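Student: Each chain is listed here by its residues.
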Amino acid sequence: MKRKHRRLMFVLFALVGLGAATALVLTALEENIVFFHSPTDVAEKDLPAGRTIRVGGLVVEQSIQKQADGVTVAFQITDMAHTLPIVYTGILPDLFREGQGIVAEGELRADGVFAAREVLAKHDETYMPPEVADALKKSGHWKETDGTGAEQ
Amino acid sequence: MIAEIGHYGLVLALLLATVQSTLPLAGAARGHPGWMALGPAAALGQLIFLGLAFAALTWAYVVSDFSVANVAQNSHSAKPLLYKITGVWGNHEGSMLLWVLILALFGAAVALFGGNLPETLRVRVLAVQGMVGFGFLLFILFTSNPFDRLAMPPADGRGLNPLLQDPGLAFHPPFLYLGYVGFSTAFSFAVAALIEGRVTAAWARWVRPWTLAAWSFLTIGIALGSWWAYYELGWGGWWYWDPVENASFLPWLAGTALLHSAIVVEKRDTLKSWTVLLAIFAFSLSLIGTFLVRSGVLTSVHAFAQDPERGLFILVLLIIAIGGSLALYAVRAPTLRSTAVFAPISREGALLVNNLLLATACATVFLGTLYPLFLEALTDEKVSVGPPYFNATFLPIIAPALVAMAIGPLLAWKRGDLGRAMSRLWIAGLAALGVAVLSYVAAGGDGILAALGMGLAGWLFMGAMVELAERIKLFRAPLGESLSRARGLPRAAWGMTVAHAGVAVVAAGVTASGAWKTESIQAMRAGDSVEVAGYTFTFEGVKTVPGPNYRAERGTFTVTRDGRPVAVLTPEKRFYPVAQRDTTEAAIHTTWLADLYAVISEPGADGAWSTRIYHNPLVPWIWIGVIVMGLGGALSLTDRRHRVGAPRRTRAEAGAAAPAQA
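Chain order of the listed sequences is A and B.
According to my numbering, the stretch in the first sequence is residues 1 to 152, in order.
According to my numbering, the stretch in the second sequence is residues 153 to 814, in order.
Keep in mind that the hints were calculated from the coordinates and are not lab data.
Please note: incorrect hints may appear among the correct ones.
To be verified - The calculated lysine-lysine pairs, modelled on PhoX-like cross-linking and capped at a C-alpha distance of 25 Å, are:
#	chain 1	residue 1	chain 2	residue 2
1	B	K625	A	K4
2	B	K419	A	K4
3	B	K566	B	K625
Bear in mind that the values here come from a model prediction, so they are computed numbers and not experimental data.
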């Protein structure tokens, strides 16, 4: 094999690999992207039930209720314009508390309740998830003081 | 006063960085030895002044000087001493100070141990190192000064985030930074080589130990972070493909590729411009990682307080560093001509495959991590990309890399014989089959893909052993000869075998823990039992116990298997009054084949506690495997030191003899 042929082979090999990887990435992205929606989006946009999405907002004061089984928790989140009821089975993060900005991943049920598979609160109480901050800004209830810890 | 000395140290270090990045460079271009000599001196001076600054900040933390804003915001007088010290880098300003200190450490190391480098190369490497230091010192002084004073010092500090009050903080960030920042040396070597317009085998031999050191530190650092999250967060998992985790994994992937391509440059004098590019990428990805973590542009479970303005500053630094080095690369790379040719089936070919796969894996992780940013910038849609994407892309790319990893080392340089290599690997094939069948049966016929993954780990492990056996002619020569061959084997060869075996152990742990984890969530009262993966967990109740600066609710589980006691687990829920926060302390008992993992949450109205219990098979193997990998890196490094440090004569020869084949 001449040098030119060898190089050509490497290039072909690399192109095939690149193509395969691109195909892999595109299909994986297509199937696995999770869109974020604010409670207002959920209320106004008529989102399909059963698709995995993320929602986020502030946990409504005094909305946290433990169900009879002892491990399922129901609570509401708000972007100050609309609220969204959420149920979650499992142990909530340590920083989950009333008034805290959280993001939940799961599915919207047909009855309008959001069934969370995962609840994300942060390691740091001054941290606000950027999506939640934006949702609050959109609904006009953003105060710089509860922002992303500019003090820190 | 102490704080002002620290601040002064920072300013002096900045001045030295300015000198280090300009005059010696001009000196190297004009052949002015006096100016060139400034480089190493400035590098050492930087280390001294940054060491001083770091010591000053540590002192302010130890004596709880709350007139320093940084201490007041992140420390508390009642905190145990260990966390006062580690708290120095448990916040943004302090961690950036640690960052530049380690950068200066590597700069000084090049100045001290680079005696056998050609003088112009050493000086140029130091100059590039100085430029990076200059940028980050500016960043610290203008946006993140840890020595800012408060006009009205508070009576006590606000305390350290309780999650960070853990021995993990003592080790994870320093190791991670030693890795991240360590790649700056490879970057500086690459840029210096581009300035010189020359990449030689000798260059690769000098770059390798620095890359190896950074890689070993980063490997350990990532694993420490993963381990810390595993036992501290109480979620039972050790990796979430979270942006902050990916930020540390990206430079690791690029660095691993660099480590391997540098071998090809050293031994065969080819793949030069690619290697230079990888060196630039590895450090660029470290910078991008710093940006992602510091700016808070992506939602992360590990995010701490951030400031977008600082993110912007780092972004500008990033653009200058990456853009500048890539522009230089574009101009100079065509001059880096390679001489050697090789067949597709050869050691070089195998290393190239390794590089292509690692680079592709790196690209897919990069894309998935930053995709939400791209999409939001283009369409204003908010999305997140989670573990399913990464599993669907990363695993299929990395699996062939593991297959090839066993074969590559058995191929000869230049032209290899695939059939011969495969025929030597028959025992590895057998091991793969055996392990796959065994784990399939052990898992009760659950998860054929996972069983194949276990087989792959078995293949790789035996492959590494076969390669070692080949080298020492085990069973083909008398045992005595094999032993003496083993003793005579270069440390780098041992290092490779050990590191590859470590990867196999990690692969087994990752596969098994991902596929066969058992999780059980329930409400329990004292006396209740639950069965998880054949173990019976009996909840004995909860007691309140005091801690140094917290109060803990400690639950007790007795674990039995077939009536025989196995372990007592005492998970805690801690409350820190200063921060008004809870933390979860998981209790873990390891059998070395699996972890039994228990967590308690808050009690319900009826006195029942929410509890979560996991059976995590082979998770300990991940930590063991990583330690083995780090050991392999260290072994290989000791070899390098002998070969790079000892012969003084290379200095004289370096200019003329360097291009000679090693």
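Student: If a hint holds in the structure, say so; if it doesn't, say that too.
Tutor: Do the hints match the structure? See the list:
no. : hint              : result
1   : K625(B) / K4(A)   : 38 Å, violated
2   : K419(B) / K4(A)   : 22 Å, holds
3   : K566(B) / K625(B) : 22 Å, holds
In summary, the structure is inconsistent with hint 1 from the numbered list given earlier, while agreeing with all the others.
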